[in-house]
Amino acid sequence: MAAKEKRKLVLIGAGSASFCEALCGDLMIHPGRFAWELALCDIRQEALDAAMGLAKRMAALTGTDMVVTGSTDRRDLLPGADYVVTTIAVGGRRGWEQDVFIPRKYGINQPVGDTAMPGGVSRAMRMVPAMLDICRDVETYCPKAHFFNYSNPMAVICRALRRETGFPVIGLCHGVPGTEEALAEFLGVEVGRLHTRGQGLNHCTFLHDIRVDGQDVKPQILEKYDRMMADGSYEDIHSHVRDGRLCADLFRSLGAFIAPGDRHITEFFTELVPGGRYFGATLGKDIISFEDAITNGEKRYQRVMRRARGEEPLDAERLSGRDGETEKLVSMIHDLEDDKRTLYWANVPNQGAVAGLPDHYLLEMPCVATATGFTPIRQNDVPAHLLALTSRFHAWVDVTVDAAVRGSRDGMIEAVMMGGYMTNQDEAARMCDEMLAYHGIQAK
16 MAAKEKRKLV LIGAGSASFC EALCGDLMIH PGRFAWELAL CDIRQEALDA AMGLAKRMAA
76 LTGTDMVVTG STDRRDLLPG ADYVVTTIAV GGRRGWEQDV FIPRKYGINQ PVGDTAMPGG
136 VSRAMRMVPA MLDICRDVET YCPKAHFFNY SNPMAVICRA LRRETGFPVI GLCHGVPGTE
196 EALAEFLGVE VGRLHTRGQG LNHCTFLHDI RVDGQDVKPQ ILEKYDRMMA DGSYEDIHSH
256 VRDGRLCADL FRSLGAFIAP GDRHITEFFT ELVPGGRYFG ATLGKDIISF EDAITNGEKR
316 YQRVMRRARG EEPLDAERLS GRDGETEKLV SMIHDLEDDK RTLYWANVPN QGAVAGLPDH
376 YLLEMPCVAT ATGFTPIRQN DVPAHLLALT SRFHAWVDVT VDAAVRGSRD GMIEAVMMGG
436 YMTNQDEAAR MCDEMLAYHG IQAK
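Count the sequence shown with my numbering and you get residues 16 to 459, in order.
Simulated from the structure, these hints should not be mistaken for laboratory data.
Virtual Cβ for every residue (Gly too), placed ideally from N, Cα, C.
It cannot be assumed that every hint is accurate.
[Claimed, not checked] Pair ranges (Cβ atoms, derived):
id : residue 1 : residue 2 : range
1  : 238       : 423       : 43 to 51 Å
2  : 366       : 459       : 26 to 34 Å
3  : 300       : 88        : 36 to 44 Å
4  : 445       : 231       : 45 to 53 Å
5  : 387       : 189       : 18 to 26 Å
6  : 304       : 71        : 13 to 21 Å
7  : 304       : 239       : 21 to 29 Å
8  : 75        : 374       : 45 to 53 Å
[Stated by the list, open to error] Restricting the straight-line Cα-Cα distance to at most 27 Å, the calculated cross-link-like pairs of lysine-lysine (DSSO-like) are:
id : residue 1 : residue 2
9  : 159       : 120
10 : 239       : 19
11 : 355       : 21
12 : 300       : 314
13 : 21        : 120
14 : 343       : 314
15 : 120       : 343
16 : 355       : 343
17 : 343       : 19
18 : 355       : 159
19 : 459       : 21
20 : 19        : 355
Please model the entire structure based on the sequences and the hints provided.
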């Protein structure tokens, strides 16, 4: 029997425990024709030890021949890498909390704070420099590797890396596939029968074409929404369209469903939820609670850590092949290797794919995975008003990229003001200074 071809995947940010567990499971169950080395990197030794322990326990249980290596220094692992994946979060949960809690003192309520609004700008100020350092190391040590990023703010990071280095980083997120699953459930059809097309920024992607078995189902979705509103069963919608009251209302006016739901899109359409006021509730506090998201994330992390230490049994679903990593990275890898040309959603430069938008725009859109990389499908029919909204939001991305790349305090303030999150520049400056000080950023 011929020896298997060797492939190496480097995961930077292996302390992102849930993702690490899911990726390990997928790669062990579906290695394809390859003998894999999984190289785990985290700057925290404790997190690295846990991730390696988890991976080795999973390898022993599955009987895989995968080699698991690790280091706190990515430069030990990058040479010879075929794939590099980043899931880092500079500042961790405590830093993320302050991205939300500090703006609250200034009357800004965010349900997430990892993509847009002041929280997204603050995260960008510390994430972009770190990601640029990683990207330059990838260029140096494994220039032919496929580079996938999962970290937020997705559009800002990927645009910055593409602009500053030219390296073809691909951004991945489960938001659109998750929305497709929710819409299929809402319509009572199998998800494989539902297909969408669209474009936008990560966490604000306009699905202007939604079909089941080739038939346009947008009128059907709106009709069911109207019936549920009329008979008082509106609350049932939340389980299907991801906290979707604003999404459903905008669907009516814009003619497009916006993925991945209100938890994220409210941070783009802040003029519709001033001060976080959301249909009688306050975002991030008594609806789509930020504190609950932090608590639940910590609980998930601790569960994975207990499995890594052998204190709990491994997650059977992760090793069954039925509950894999939601962005389907392993499937993408096999498609890239074998030129299967499957369609996936990815964050890549426009490069003429969406008519009417500049080539450099970093868009989330459907792409074909080929042996030469990801190629976005051409879309000539995107309505003009959706192009205008994408342009509005991407202008903010470019301003935020400039601020983060230059480490500019004034640029950070400009990004906050441009987003329309505040109207008093002096107050915005005080808030930005407070966030910069907390995160230890010496802005220029």
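Evaluated hints:
1. 238 <-> 423: 43 to 51 Å: holds (49 Å)
2. 366 <-> 459: 26 to 34 Å: holds (32 Å)
3. 300 <-> 88: 36 to 44 Å: At 41 Å between Cβs, range holds.
4. 445 <-> 231: 45 to 53 Å: Given a distance of about 50 Å, which is inside 45 to 53 Å, the answer is holds.
5. 387 <-> 189: 18 to 26 Å: holds (25 Å)
6. 304 <-> 71: 13 to 21 Å: 36 Å Cβ-Cβ, so the 13 to 21 Å window is violated.
7. 304 <-> 239: 21 to 29 Å: About 28 Å separates the Cβ atoms of residue 304 and residue 239, which means 21 to 29 Å holds.
8. 75 <-> 374: 45 to 53 Å: holds (48 Å)
9. 159 <-> 120: violated (46 Å)
10. 239 <-> 19: violated (52 Å)
11. 355 <-> 21: holds (20 Å)
12. 300 <-> 314: Answer holds: residue 300 to residue 314 is near 19 Å, not above 27 Å.
13. 21 <-> 120: With a Cα-Cα distance of about 53 Å, the restraint between residue 21 and residue 120 is violated, given a limit of 27 Å.
14. 343 <-> 314: holds (24 Å)
15. 120 <-> 343: With a Cα-Cα distance of about 39 Å, the restraint between residue 120 and residue 343 is violated, given a limit of 27 Å.
16. 355 <-> 343: Measuring from Cα to Cα gives roughly 14 Å; hence the hint holds.
17. 343 <-> 19: holds (23 Å)
18. 355 <-> 159: holds (20 Å)
19. 459 <-> 21: At roughly 46 Å apart (the allowed maximum being 27 Å), residue 21 and residue 459 break the hint.
20. 19 <-> 355: holds (20 Å)
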